[in-house]
Amino acid sequence: MTQLASYLLIAALLFSIGLAGALTRRNAILVLIGIELMLNAANLNLIAFWRYGPHPELLTGMMFAIFSIAVAAAEAAVGLGLAIQIHRHAKTTDLDAMNRMKG
Amino acid sequence: MSFVFYILAALTVAGGLAAMLLKNTVHCALALTVAFAGLALLFLNLDAQFAGFAQILVYIGAVAILVVFAILLTRGSETPRDGVFSRTWLVGLVIAAGVFAVLGWAVIGSVRVLPHETAVPTVTVLQIGNALVSRYVLPLEIVAVLLTAAMIGAVIVAMHEKEGQK
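Heads up: the sequence lines are chains W and S, in that order.
Residues in the first sequence are numbered consecutively from 1, following this note's numbering.
Residues in the second sequence are numbered consecutively from 1001, following this note's numbering.
It should be emphasised that the hints constitute simulated quantities derived from the structure, not laboratory data.
Worth double-checking, as some hints may not be accurate.
What the hints assert, rightly or not - DMTMM-like cross-link-like pairs, simulated, lysine to aspartate or glutamate; straight-line CA separation at most 20 Å:
(1) W:K91 with S:D1047
(2) S:K1023 with S:D1082
(3) S:K1023 with W:D96
(4) S:K1023 with W:D94
Unchecked claim - Just so you have them, the derived chain W footprint on chain S, three or more residues with Cβ under 8 Å:
(5) 1004-1013
(6) 1022-1033
(7) 1038-1044
(8) 1054-1060
(9) 1088-1094
(10) 1126-1133
(11) 1150-1160
Stated by the list, open to error - Part of the chain W face toward chain S, derived, beta carbon under 8 Å:
(12) L14
(13) T93
(14) N99
Note that the Cβ used here is the ideal one computed from N, Cα and C, for glycine as well.
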């Protein structure tokens, strides 16, 4: 097993853990945490491919990961703001209790 | 395969598992921080110093704090009476296991064609900066606009509306 394959397997495991959490947790914030884990697993893939790819000096995967980190930060800010607003409106962050889109 | 990799991988996976399995939401946020730290160390282990330190600054420094704030503001630390997992947890678990099986099968199946150990790339922060303002200047500008828009949007969404002022 090459080093790259081990990194890819770890990233796949982390992605699946995040996906399982995002699909099974009730709390909206925990679902966001699961999505963050999935984004991070994708970043690990990008960095691993950059490191073991043919042209690391072109910085392609590294740049992709850096921009992905920035977009994930923006996503986290908006998502947590939405979670706070939903809690203020519906007095709960339980996703099973949120079954209507009407305000 | 180095010993360091196994320690870091175990730390990261344990942090991720704890973040998704623990009952108390604040403990989940702390476990998430451990997972982020493990990922940052994995980045450093991959000779991506800049990405590793950016990960520490952005995720451990900002996102984890934001998550803790959101948990405390929504009183999410109280464990709900009817369990922390949704009614359809089995479906979610099966889907996640299926995704992992497919990804793992793809990785194992392509081990032969994956590139082997290469020379350590020497990338300085100067090179990254030069690339950011030359070849990648358009994405950089777009990300700057996106971050500004997201910041304003998050503030507006979370802003408290006064009574009768819609």
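Results of checking the hints against the structure:
Of the pairs offered as hints, the one joining K91 (chain W) and D1047 (chain S) is violated, with about 46 Å between alpha carbons and a cut-off of 20 Å exceeded. Proximity of K1023 (chain S) to D1082 (chain S) is assessed by CA-CA distance (about 12 Å); at most 20 Å being required, the pair is judged to hold. A distance of roughly 17 Å separates the Cα atoms of K1023 (chain S) and D96 (chain W); the hinted pair therefore holds under the 20 Å criterion. Only pairs whose Cα atoms come within 20 Å are accepted, and K1023 (chain S) paired with D94 (chain W) is accepted, the gap being roughly 14 Å.
Look at the segment 1004-1013 of chain S against chain W: 4 of its residues bring a Cβ nearer than 8 Å to a Cβ of that chain, three or more, so the hint holds. Evaluation of the coverage hint for the segment 1022-1033 of chain S: fulfilled, as 4 residues show C-beta separations to chain W shorter than 8 Å, against a requirement of three. Interface restraint, the segment 1038-1044 of chain S with chain W: holds (3 residues with C-beta to C-beta distance below 8 Å; minimum three). With a threshold of 8 Å between beta carbons, the proposed coverage of the segment 1054-1060 of chain S by chain W holds, since 4 of its residues qualify and at least three are required.
Given as covered by chain W, the segment 1088-1094 of chain S passes the check, having 5 residues with a CB less than 8 Å from a CB of that chain where 3 are the minimum. Judged by the Cβ-Cβ criterion of 8 Å, the segment 1126-1133 of chain S is covered by chain W as claimed, because 4 of its residues qualify and three suffice. Figure legend: the segment 1150-1160 of chain S, annotated as covered by chain W; annotation consistent (8 residues with Cβ-Cβ distances under 8 Å, at least 3 required). Against a cut-off of 8 Å between C-beta atoms, the interface hint on L14 (chain W) holds, since the closest Cβ of chain S lies about 5 Å away.
Interface restraint check for T93 (chain W): the shortest CB-CB distance to chain S comes to about 5 Å, inside 8 Å, so the restraint holds. Below 8 Å, beta-carbon pairs count as interface contacts, and N99 (chain W) has none with chain S, the closest being about 12 Å; its hint is therefore violated.
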